[in-house]
Amino acid sequence: MRNILGANDEIAAQNRKIFSERGVIVMNLMGSPGSGKTTLLEKTLARLADKIKIAVIEGDLFTAKDAERIDKQGVEVIQINTAGGCHLDAPMIQKACASLNLSEIDLLIVENVGNLVCPAEFDIGENFKAVVLSITEGDDKPLKYPLIFKESEVVLLNKVDLLPFTNFDLQSAREDLTTLHPTIKIFETSCTKETGLDNWCAWLLKKVEAR
Amino acid sequence: MNFLEVIDLHEATLAENILEIAFETAEKNHAEKILAIGLTLGEMAGVEIEALNLSFDVLKKNTPADGAELKIKRVPIMATCNKCGKNFRLENYNFFCPECDGILILKSGRELLVEFVDCE
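Protein chains in written order, with this note's numbering: chain A, 1 to 211; chain B, 1 to 120.
Careful: at least some of the hints might be erroneous.
[Claimed, not checked] Capping the alpha-carbon separation at 27 Å, the derived lysine-lysine pairs in DSSO-like fashion look like this: (1) A:Lys150 - A:Lys72; (2) A:Lys185 - B:Lys107; (3) B:Lys107 - A:Lys144; (4) A:Lys185 - B:Lys83; (5) B:Lys73 - A:Lys150; (6) A:Lys17 - A:Lys72; (7) A:Lys150 - B:Lys86; (8) A:Lys150 - B:Lys33; (9) B:Lys73 - A:Lys144; (10) B:Lys86 - A:Lys185; (11) A:Lys17 - B:Lys86; (12) B:Lys107 - A:Lys150.
[Unchecked claim] Pairwise CB distance ranges (calculated): (13) B:Thr63 - A:Asn199: 49 to 55 Å; (14) B:Glu50 - A:Asp9: 47 to 53 Å; (15) A:Lys193 - B:Asn87: 44 to 50 Å.
[Claimed, not checked] Chain A is nowhere near these chain B residues, computed Cβ spacing over 10 Å in every case: (16) His30; (17) Ile49; (18) Thr63; (19) Glu69; (20) Lys107.
Just so you know, these hints were derived from the structure itself, not from any lab. All residues carry an ideal CB built from backbone N, CA and C; glycine is no exception.
All chains should be modelled from the sequences, with the hints used to inform the complete structure.
In structure tokens, the structure reads:
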């Protein structure tokens, strides 16, 4: 009997060991295309980059558009193009990390390819997974894509400023998330209105300081 | 929607890995042909069987697994309560214990395993 993802999981375990030895916390940031992952990342960097040393790995199908946005924040960023591949895997992260001085980094944020299915299945050696679910995607998503919400330690309900214009039921989304993952941490954020971001960043900072 | 448009590479990655394991097994056993590959897949593993079969059928062409088929066994989502210790088969992904105020811990349903490789 052999694990189909055994080869990936082995490299993920190696990554995890190196991250732990170098004292870096790694967050695997996931979510649909357009959910606001990169904007959230920009806002997070703006709040935390003067407090802790952060580096970013950007997963993208073909472009460097997101990496260019992060680069403008003055944060070290490495671009991985998956050339159509729908997720990042552990060997890609291992390769990307070879050009990072991990000992000098407190927090490594890996922005995965926009997708609610595949990234959840591939361990990259992260300490925890975070998923961004935007209001415009609909409140049915947690139960439609249970794995990613079960795997994630924290979910960001993003674009809450759009709640008045949609039929997204916040209460029902929170209930579904909690029944699926009773200990999941939920933040409500809006990157355009800058709400909920301080709470989110305080949580993230605590996570890094607790390492 | 055309089925080929919705297939994503994640099942193709799984199919590649499955073939890799099958080739290794065949080589170890000095076999030339792979006849069947038995898989155990949890109901909560993120895998579409149709997409997996399609990817497998494309990737197996002109390999020792050309005539092989996937024999798939699904594993239900089972969880144990962290308080009363009872086991439940999960419906609707509700991880709250139906009998007490405990939380259910996943015990099975995430499997992605190659169970056996039939070769000759």
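Can the restraint linking lysine 150 of chain A and lysine 86 of chain B be considered satisfied, given a maximum Cα separation of 27 Å?
-> Judged against 27 Å, a Cα distance of about 21 Å means the pair holds.
Regarding the pair lysine 107 of chain B and lysine 150 of chain A, is the alpha-carbon distance no greater than 27 Å?
-> holds, 13 Å
Restraint check for lysine 86 of chain B with lysine 185 of chain A, where alpha carbons must lie at most 27 Å apart | Distance ~26 Å between lysine 86 of chain B and lysine 185 of chain A Cα, so the pair holds.
Non-interface claim for isoleucine 49 of chain B, where every Cβ of chain A lies beyond 10 Å | The assertion about isoleucine 49 of chain B holds, with a minimum of 13 Å to chain A.
Nearest-CB test (10 Å) between chain A and lysine 107 of chain B | Lysine 107 of chain B is indeed farther than 10 Å from all Cβ atoms of chain A, at 13 Å.
For threonine 63 of chain B, which was marked as not at the interface, is the minimum beta-carbon distance to chain A over 10 Å?
-> holds, 17 Å
Please work out if lysine 185 of chain A and lysine 83 of chain B have their alpha carbons no farther apart than 27 Å.
-> holds, 21 Å
For the pair we were handed, lysine 185 of chain A and lysine 107 of chain B, check the Cα-Cα distance against 27 Å.
-> Roughly 22 Å separates the two Cα atoms, so the pair holds.
Decide if the proposed pair is consistent with the structure: lysine 17 of chain A and lysine 72 of chain A, CA atoms, cutoff 27 Å inclusive.
-> Given pair lysine 17 of chain A, lysine 72 of chain A is violated - Cα atoms ~31 Å apart, limit 27 Å.
Does the structure keep lysine 73 of chain B and lysine 144 of chain A at a Cα separation of 27 Å or less?
-> holds, 22 Å
Mind checking the hinted window 44 to 50 Å against the Cβ distance between lysine 193 of chain A and asparagine 87 of chain B?
-> About 46 Å separates the Cβ atoms of lysine 193 of chain A and asparagine 87 of chain B, which means 44 to 50 Å holds.
Non-interface label on glutamate 69 of chain B, tested against every C-beta of chain A at 10 Å = holds, 16 Å
The structure fails hints 1, 6, 8, 11, 14 (numbered hints given earlier, in ascending order).
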